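Enquirer: Given these sequences and hints, build the entire structure.
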Amino acid sequence: MKRKALATGLLVFVSLVLPRQSPAFGETSRLVFVQGRYDGDWNPRPGALRRLAFEVAVRTSIATAPEEKVLPLDSPELFFYPFLYLSGTRPLPALSRAEVENLRRYLTFGGFLLCDDAGDGAFAASCERELGRILPGRTLGRIPTDHVLFKSFYLLSHPAGRTLSRPYLTGVVEGGRLAAVISANDLGGAWARDEFGAWSYDVVPGGEAQREVAFRLGVNLAMYALCTDYKDDQVHLPFIMKRRR
Amino acid sequence: METFDDWKLVLLAPWPRWALFVLAALALLGVILAARGLRQERRRARRAVLLGLRTASMLALLFFVLEPGVRHLQTATVKGRLAVLVDGSASMELPTGEGRASRAAEAAEYLRAVMPALSELERTHTLEFYRYGEKLQPLSGPGAAVEPTDEATDILGALEALPRRQGGRRLAGVLLLGDGADNASLSRGMTREARERLRSLGVAISTVWTGDGRARDLAIESVRVEDFAFVRNTVEVEVTVSAAGMGSLEVPLSLQREGEVVAQKSVILGPKQERQTVKLSFVPDRIGEFVFTVSAPVYEHEATVANNSETFVLKVIRDRVRVLHVVGRPSWDQRFLRTLLRNDPNVDLISFYILRTQQDQPRAPEHELSLIPFPVDEIFDKQLWSFDLVVFQNFNYRPYRMDRYLPNLQRYVEEGGAFVMIGGENAFGEGGYDQSPIASILPVEAVGAAPNEEVFSPRLTEAGLRHPITRLGSSAEATRRAWEQLPPIPGINVTRARPGAQVLLEHPHVVAGGQNAPVVAVAEVGRGRTMAVTTDASWYWAMVAARSGEGGARHYERFWLQAIRWLVRDPDLTRVRVQAVQRTVPPRTPLAATISARRADYAPAEGARLEVDLFDAVTGAPVERKVLETGPDGTARVEFAPPGVGAFKVVARAELGGVELGTGQDVIAVRATTAERGEARARPELLQEIAEITGGGSISSTARRLPPMRLLEPEVVEVGRSEDRPVWDRFGPILLLAACLGGEWVLRRRWGHA
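Residue numbers (my numbering), protein chains in the order written: chain A, 1 to 245; chain G, 1 to 754.
Among the clues, some could well be false.
Which residues of chain G face chain A? A partial, calculated answer using Cβ under 8 Å [to be verified]:
1. TYR353
2. ARG363
3. LEU369
4. ILE372
5. PHE374
6. MET543
7. VAL544
8. ALA546
9. ARG547
Think of the hints as simulated: they come from the structure by calculation, not from any bench.
The structure displayed is predicted, hence computed values, not measured ones.
Note that CB positions come from ideal geometry on N, CA and C, so glycine has one too.
Expert: Spelled out as C-alpha cells, the structure:
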C-alpha cells in the first residue's frame, strides 16, 4: 500500500515539474492507447503504454491520455480509440469470427494496430497469421527504412526495442496507409517502468541508447497513426534530406 | 429547201458494236488462214499477190458490212457566259485611301466606266452579274446597287458556286471586282490547295481591285486562346497584330480583364514586318467567366479604329481544389480529415501541423528531428491567395506572431476565398480569435463560456435540413434520419451565431446568447464563404459510426466533401444559374441567356420571379432590366437589345413566394468588330495572283478599263435536221470486191493452190 502511495506521489510530482500541455478538448482528441485483451498472456509489459503516453506528451504536441484502456478485441468500444496495442510472449490464439470482423472494420475505417512481440518471435508470427484473416488479400511486408514511419517525428535508421531480434518491422497497408505494424523486438520491454520509476527490463545489446531508439520509434508510431504521410509532403523533403546526409 | 453547212462520216450499219468486232475478227481470220495455206508457195511474189488479194477482199467485205455514209448537218454558234462578280462585303465600306470614296462607290464608278466595253463583249458573250461576300447571289442587272453588308468574304467559295453551264451555255470567263480582303479559305494567302481549286474551275478569271492596299491602319487581326483556363495556371493569349502604311512603330498591347490590366507587351512593326504574333500571358487568380479585351492604341488617320481591340470570354476553372490545412496539434479529428482530403483526387492538400510546441522536449538535437520551421510569412503573405480553402483546425495563432497576417486572411475571404475553423481547446474564443482581425469573418462569436464536454447529438436546424452541406439524404426526411443515426459526439466550443450567419447544426440544449449553441454554421463574407465547426469530434461520424457498418463513414465523407464544394462555390451547388446562349457575339447582336432557378431542395423552381439585369462589366453601370417568370422546368430565356460594344454581365436574382432563391451571373462580350470589318487593308496582290493562276488579267479599278481577258471561244453545236447518205451501195466498191475475189480464185487455180 505504501509502495502504491509513493508511486502516485511521484507521478503527481513529475506532472507538476514538467511543462504542461494545453489541456485537450475532452478526451476525444487525445491519443488514448488501447491494449487488446485476449485469452492468454495479453499484458506481458505492464506500464509500457503508460510510459509511452507520457513520453509522447512530453516530447511532442500530441495530447495523450495518461492511462491506457484495456478492451477485448471484439468490443465495439474500440472504435472510440483508433490506436490498438497488442502484445504477447506466446502465439496469439486464433481469433474468433466476431473478433476478426470487428478488427477488420476497425482497421478498414481508420484504426491502427501495433503488434509487439515480447517473446521469441512466435507472437509476431501469429499476429501475421491473424492479419491474413483480418485483412485477406492484403500483403504483409517489410517496412523499408525510408518509409515515412521512420521520419514522422524523429529521423530513425532502424527499429529497436528491448532486443534487436529482428532488424525490421513488418506491416499491412490499407487505404494507402499502414494499418498494422508488427515489431518482434519487444518495444514494450524497453518502454516499461516499474512503480518506482526504474526501468523494468534491461535493453540488450545497446543499453540505454537502444532504449532511446525504442522510445523514438514509439513516438514515431504515435505520430504516424495521427499524421500518416504528412512528412512525405513535398515541403518537408529538402529539410529531411539535408539532415539525413 | 433545206441547206446543210457541215458534214461528217458515219457508219449506218444497224448492228451492235460487239457484232462489228466479231466480223472484223472473222475478216482477220480469213487473212490468217490464207497466209497459212500459202506456206508451201516458194515464190514470194505469188504469195504476196494472193495474200494482197485476200486482204483487199476482206476489207471490201467489211466496207459493205459497216455501211459507211455521209451525214449532212445544219450547225450554230452558242455564246459563252461572262460572269461579273462584284464584292458586296462590309469591308467595301472602307475608303480606298485617306479622305477618298468608299471601295463600294469606287467599284460602282468603275462598272459604269467599263460598261461600254462590256457591252461590246455582249456580241460574243452573255453577261451575268453577281454579288459575293458570305455567298454568291445574282444581281438583277449591271446597274443594280451592291450594298456592302456581308460579314464575310469568301472569294473561292463564290467562284466555285458559279454554274459551269447554264441554259446550255458554258462559262467562258469571269470578271472579279473587289478589295481582295478574303477572310475565308484565302485569308492566309494562296495555298497549294487553293491553287488547285482555282485551276480546276477551267476558266480564266480577270480581276479588278479597288483600294490600293496601302491604307494606314493598325489591326488586331486575331486572338487565339483556349475556351477555358485553369486558375493559378499561366494562360497564353496569342495575338496577331498588323500595321499597314504606318512606318516603323512600337505598339504597346494590353490585355484587360473587365477593365483591369492583367498583361502588357510591346511589339515592333514596320514596312518589312507588317504582321507579328505575340503571346500575352497572365495567371488567373479566381474562377469564373470573365470578359477579356486585347487592345492597341488608336493612331491618327487610321482607316478604321474598330479593329484596334478584340474581345473574348474566358472561363477560368479550377483543376483541383487547393486546400491549406493548418493544425494546432495532431489529433484524430485532424487525422480523419487529412485522410479524406488526401484520398480525394480533386483536392491538392498543403498541410502544416504543429508537431512540437515551445513547451515540448523532444530530447534530441534538431538534426535528429524531421521538424521544419512553420513558414508563416511564406504562407500567409505570399501564397495565401493561391489557396481555394484555408482550414484552421484547433490552431492557436498567437505563438507564431500571426497577428499581422490575420488581416490578410480576412481580406482573402472577402475577396473570394474560403475559410473553415474547426473546434478544440485552441479554436474560437479559446484560441483568442474573438479579439482577432478575423473575428468578423467567422460565422460564430465567443460568448465567454467554457467549452462544454458533454456528449450530445447535434440537431439539424430548418436551414440545415435544406443546405447542401448538411443534406446527407436524398430528401429532407432521409437527411434527418441520417443525422439521427450518427453517433453522439463529446464537447463543443460554446459560441453563438453572428448576425447573417446560417446555423445548420446546433447543440440540443446548450444555449448561448439566447440561442442554441451552433455546431456547424456558415456565412457569406464579401465574395467569400466561411464555416465554423465547433467540435473536434466530427471524426466520430467516420470511425465510431463505422462500428455497425460503413453507412455512417460515408456520411462523414459526404458532409466534408459537400462542405468543401459549397465553400469553394462549386457551380453545381448554385441554385440560380445564368448561361449565355453565346458568350462572344458580333456587334449589333441581341444578348440572350437562359436562367435556371432551383428551390432549396434543388428541385426546379416553377413560377419563380426573375429580375435580370444587364450591367456594363467594366463600369458596373446598369444597361437594362427585365422581369420574367420561370416555366415548369424552372428555366426562362431572356433577351436584351444589342447594347453596343463591350463586356456585359447578366445578373439574375430569383425569388419564389417571397423567398429569395439566390443570384447567378454570366458574362457576354460584344466584339468591337468582325473579321470582315477588322481587315481594313485591301489585298490587290491576292486578286493579281488569282488572275495569274487562272490565265486572266488584272488591273486597278482606277484604270477605268477592262483587264486583259482570255474568254473561251463560242461553242459550235448541231441544230435543226441532218441527212445521212450511204456511200457503200455504189458500183465501184462492188466491182472491187468481185475483182479481188475472182482474181484470187483464178490465180490460185493457175498456180496450183486449192
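Enquirer: Does each hint hold? Answer for all of them.
Expert: For each hint, the structure was consulted:
1. TYR353: 6 Å, holds
2. ARG363: 6 Å, holds
3. LEU369: Status holds, d = 6 Å.
4. ILE372: 5 Å, holds
5. PHE374: 11 Å, violated
6. MET543: Since chain A brings a Cβ to about 5 Å from MET543 of chain G, closer than 8 Å, the hint holds.
7. VAL544: 5 Å, holds
8. ALA546: 4 Å, holds
9. ARG547: 5 Å, holds
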